[in-house]
Amino acid sequence: MSSIVEQIENEIASFQAGAVKSNTGKIVSIADGVAKLEGLSGAMYNEMIDFGQGVYGIALNLEEDEVGCVILGDYSKLKEGDEASTTGKLLSVPVGMGLLGRVVDAIGNPIDGKGPINSTETYPVDQIAPGIIPRKSVDQPMQTGIMSIDSMIPIGRGQRELIIGDRSTGKTTIAIDTIINQAKINNQHRNEDGTFPEGFRPVYSIYVAVGQKNSNIARTIAVLEKAGAMEYTIIVSASAGDNPANQYIAPFAGASMGEFFMNNGMDALIVYDDLSKQAVAYRQISLILKRPSGREAYPGDVFYLHSRLLERSARVNEDNGNGSLTALPIIETQAGDVAAYIPTNVISITDGQVFLETDLFNQGIRPAVSVGLSVSRVGSAAQIKAIKKVAGKVKLQLAQFRELAAFAQFGSDLDAKTKAQLERGARVVELFKQKAFNPIPVEVQSSLIYAVQNGYFDAIDVAKIVAATSSLRDFLETRGAKVMDTIRAEKAISDATEAALKTSLAEWVAGFSA
Amino acid sequence: MKRDQKITRLAKKLVELSKDNGVVTEAKVGEVLAGLKQVQHRHHLTVLKTFLNYLRREIALQTAVVSTPAALSDEALKAIEATYSKMYGRPVTAVTKQDTSLIAGVRVRVGDDVYDASVAGRLQRLAENVK
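Chain order of the listed sequences is W and H.
Residue 513, in numbering that gives the first Met the number 0, is where the first sequence stops; the numbers in between run on with no holes.
Residue 130, in numbering that gives the first Met the number 0, is where the second sequence stops; the numbers in between run on with no holes.
Keep in mind the hints are simulated off the structure, nothing from the lab.
Predicted model, so just to flag it, every value in this text is computed and none were measured.
For every residue, glycine included, the Cβ atom is placed at its ideal position computed from N, Cα and C.
Some clues are possibly wrong.
[To be verified] In silico DMTMM-like cross-links for lysine to aspartate or glutamate, where the CA-CA straight-line distance does not exceed 25 angstroms:
no. : chain 1 : residue 1 : chain 2 : residue 2
1   : H       : 48        : W       : 37
2   : H       : 48        : W       : 64
3   : W       : 20        : H       : 3
4   : W       : 434       : W       : 476
5   : H       : 48        : W       : 506
6   : H       : 36        : H       : 80
7   : W       : 183       : W       : 460
8   : H       : 12        : W       : 484
9   : H       : 5         : W       : 31
10  : H       : 18        : W       : 63
11  : H       : 48        : W       : 49
12  : H       : 5         : W       : 73
13  : W       : 76        : W       : 5
14  : H       : 12        : W       : 81
15  : H       : 77        : H       : 98
16  : W       : 384       : W       : 497
17  : W       : 78        : H       : 80
18  : H       : 18        : W       : 64
19  : W       : 388       : W       : 230
20  : H       : 96        : W       : 310
21  : W       : 388       : H       : 25
22  : H       : 12        : W       : 356
23  : W       : 384       : W       : 402
24  : W       : 25        : H       : 74
25  : H       : 27        : H       : 80
26  : W       : 76        : H       : 127
27  : W       : 225       : W       : 104
28  : W       : 501       : W       : 484
29  : W       : 289       : H       : 3
30  : W       : 394       : W       : 356
31  : W       : 289       : W       : 476
32  : H       : 5         : W       : 37
[Stated by the list, open to error] So the derived list for chain W, only partly shown, Cβ under 7 angstroms to chain H, looks like this:
no. : residue
33  : 7
34  : 9
35  : 19
36  : 21
37  : 25
38  : 28
39  : 452
40  : 454
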C-alpha cells in the first residue's frame with residue numbers, strides 16, 4: 000500500500016503544471032474499426048491517436064482535410080462527433096525478460112490473468128530493420144529437433160525460413176516443435192541457479208498468433224506448458240475475434256519484443272502464425288481506408304508490409320548487440336498453390352522455405368516436408384559438423400529415390416544397384432517420420448542418420464523402421480549416452496567417436512528384434 | 000457528401016477571396032456570396048456547403064475559444080489575444096465560453112490546437128500517469 004502512495008507522490012512531484020498543447024480532431028465517420036477524423040492537422044504518420052476511455056488508434060491515412068485512423072481495441076463506445084487528440088508518440092509495446100512466460104495482446108497488455116507485466120522498457124512497434132553495417136552472416140545453428148529439417152533444410156540463427164503448406168499439414172506443429180526444442184536445449188545447459196554457462200547462448204521464443212481460433216491458441220499454450228517451454232516463450236495473441244488493426248499490428252509487436260533480445264546480445268526465435276491472415280486483415284483495413292487495391296484486392300504495399308517485418312530478423316555483429324532474431328513465418332496456401340500473390344511475395348523475401356504437402360501428410364509421412372520444393376539458402380553454413388558429415392547426401396538420395404520409385408512402378412526387373420537405392424531411400428523416408436511435439440536432439444539425429452547410411456537398418460523390414468528408429472533412439476539416449484555426450488560437446492564425429500558409435504550400433508543391432 | 004476536387008478548389012479560392020489582410024471579414028464574405036449568386040454554378044448548393052465548411056475552419060483558426068468556469072476580465076482576454084496572435088503570426092480574436100466542468104483554470108482552443116491549463120485536465124492527466 001505504501002508503495003502506491005509513494006508512486007502517487009512521485010507522480011505529483013514530477014507532474015508538470017502549466018498548459019499542455021494537444022492537437023484535436025472530430026470523428027466524421029466510424030465503421031469496421033476505421034475512423035475518419037476531421038481536424039488533427041498536426042497528426043504524424045503512424046502516430047498514436049487518443050480517443051479517450053483508454054482507446055487508441057494509429058493514423059494511417061493523412062489526407063488534405065481528413066485523417067484515416069485504425070482503432071486498436073474496442074471501438075463500440077466511440078461515435079460520430081467524438082473528439083480525439085494526438086499523443087506525439089508512436090505505438091509502443093513493453094519489452095524485456097519480464098514478458099517471458101506471458102500471454103499478451105497485440106499492444107502488449109497481459110491477457111493471461113497473471114497480473115501486470117514486469118517491464119520498464121518499451122520499443123516502438125514499427126522499427127527500421129538493421130542496415131548492412133550492423134549485420135553479420137548466419138553461422139550458428141537453430142536446431143528444430145525435426146530430423147528432416149535439421150539434416151536437409153538447416154536453419155541458422157538470424158535466418159528467415161518460411162513454413163508453407165495447405166491447411167492442416169502440420170505447419171504450426173513444426174513451429175511449436177522448434178520452440179520446444181529450444182527450451183529443451185536451454186534446460187539441458189542451465190545451471191541449478193537458473194543461470195547459463197559462459198559461452199552458451201539460450202534461445203528465447205516468441206509465438207505470434209494472428210487470426211487464429213482462441214481454442215487453437217489455448218491448445219498451443221497447453222502444449223508449450225506441458226513441455227516446459229512456456230518459461231522461455233512469449234505469446235502474442237490477436238485471435239480471429241480481435242479487430243483487424245490488432246491482427247495487423249501483432250506481428251510487428253512480436254518483432255519488437257524479439258528485437259529486445261537481439262539488441263541485448265541474446266538469441267530469439269519468432270514464429271508468425273500466420274502471415275496470410277495478417278495480409279487479409281491489412282487488406283480489410285486498406286479497403287475500408289479506400290486505398291487503391293491491386294492483385295487479389297490486396298493494397299499495393301502488401302509486399303512492403305511483409306518485407307519490412309521480415310527484414311527485422313537478422314544476426315547483428317558484436318558492435319551492435321551481437322544477438323539474433325530468427326523468423327519462422329507461416330503461410331497457408333490454397334490447394335497447394337504457391338504461385339498465389341502472398342506466398343510468392345513471402346517466398347521471395349525469406350531465406351528459404353519448408354514446403355508441406357497434403358499428399359505426404361495423408362500418406363503418413365509426418366512431418367510432410369516436400370524435399371524437392373523445400374530449400375534453405377543460408378542455413379548450411381550453420382550446420383554442425385556432425386550433421387554435415389552424415390546428412391550431406393541425404394537430400395540427393397531422397398530425390399533419386401522419388402525418381403526411381405516412380406520409374407520402378409512400371410517394371411519389376413531392376414538391377415542390384417537400383418534396388419539398393421530404392422531400399423535405402425525407403426528407409427530414409429521412414430526414418431524421417433517423427434511424432435509431433437517430440438524433437439530429437441541433434442547428436443541423436445546424426446547418429447540415427449549415420450546408422451541408416453551405414454547399413455545398420457538394411458536387415459530390418461521397411462514397415463518396422465519407425466519402431467526400430469524409436470528403439471535405437473532410446474538405446475542411444477540410455478546406453479549410448481556417453482557417445483551422445485561426446486558428439487554434443489565436440490559437435491563433430493571424430494574417428495574415435497565414430498568407432499565408439501559403431502560399437503554401440505552393433506550392440507543395438509544384435510539386441511534388436513522387431 | 001461527395002468530394003469533388005474542382006469544387007474543393009473553388010471553395011478554397013472563395014475563402015481566400017473572403018479575406019481582407021489575412022482576416023475573414025463579413026463584408027468580403029457578403030461580396031463573395033453576391034458574386035456566387037450571379038454566376039449560378041451548376042452545383043450551387045454543393046459549392047455553398049463546401050465554402051461554409053472551409054470558412055468555418057478558417058474562422059476557427061482566427062478565433063481563440065477561451066473556456067473558463069468563471070468570467071475573465073477584459074485585460075486577461077486582451078493578453079490572451081495578444082499571446083496567440085504572436086504565436087500564430089495572424090490576428091486571433093478571443094471568444095469566451097463558460098464551462099464549469101473545468102473546475103478552475105483555463106482551456107484555449109485555436110483551430111485544432113487545444114491548450115489546457117485547467118484543473119480538470121490536470122487531474123485527468125495525473126490519473127492516466129498513475130494508472
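CA of residue 388 of chain W to CA of residue 230 of chain W, is that 25 angstroms or under?
violated, 34 angstroms
Has the given pair, residue 96 of chain H with residue 310 of chain W, been kept, meaning a C-alpha gap of at most 25 angstroms?
Distance of about 53 angstroms is beyond 25 angstroms: violated.
Residue 77 of chain H paired with residue 98 of chain H [C-alpha distance capped at 25 angstroms]
Given that 25 angstroms is the threshold and the Cα spacing comes to 20 angstroms, the pair holds.
Satisfaction of hint between residue 31 of chain W and residue 5 of chain H, Cα-Cα up to 25 angstroms
Outside the cut-off at roughly 30 angstroms; violated.
So if I understand the rule, the pair passes when the alpha-carbon distance is 25 angstroms or less; does residue 289 of chain W with residue 3 of chain H pass?
It holds: about 16 angstroms lies between the C-alpha atoms, which stays within 25 angstroms.
Proposed proximity, residue 104 of chain W with residue 225 of chain W (alpha carbon, max 25 angstroms):
holds, 22 angstroms
Do the alpha carbons of residue 183 of chain W and residue 460 of chain W lie within 25 angstroms of each other, as the hint requires?
Given that 25 angstroms is the threshold and the Cα spacing comes to 32 angstroms, the pair is violated.
Can we keep the residue 21 of chain W interface hint, with Cβ of chain H closer than 7 angstroms?
Result: holds, 5 angstroms to nearest chain H Cβ.
Residue 384 of chain W paired with residue 402 of chain W [C-alpha distance capped at 25 angstroms]
Distance ~29 angstroms between residue 384 of chain W and residue 402 of chain W Cα, so the pair is violated.
Would the hint linking residue 388 of chain W and residue 25 of chain H be met if the CA-CA limit is 25 angstroms?
Since the Cα atoms of residue 388 of chain W and residue 25 of chain H sit roughly 89 angstroms apart, the hinted pair is violated (cutoff 25 angstroms).
Restraint satisfaction for residue 7 of chain W [CB to CB of chain H, less than 7 angstroms]:
Given a least distance of 6 angstroms, the restraint on residue 7 of chain W holds.
Just to be careful, I want the Cα atoms of residue 36 of chain H and residue 80 of chain H compared with a cutoff of 25 angstroms; is the pair within it?
violated, 35 angstroms
This entry does not satisfy hints 3, 5, 6, 7, 8, 9, 11, 12, 13, 14, 17, 19, 20, 21, 22, 23, 24, 31, 34, 37, 38, 39, 40, going by the numbered hints stated previously.
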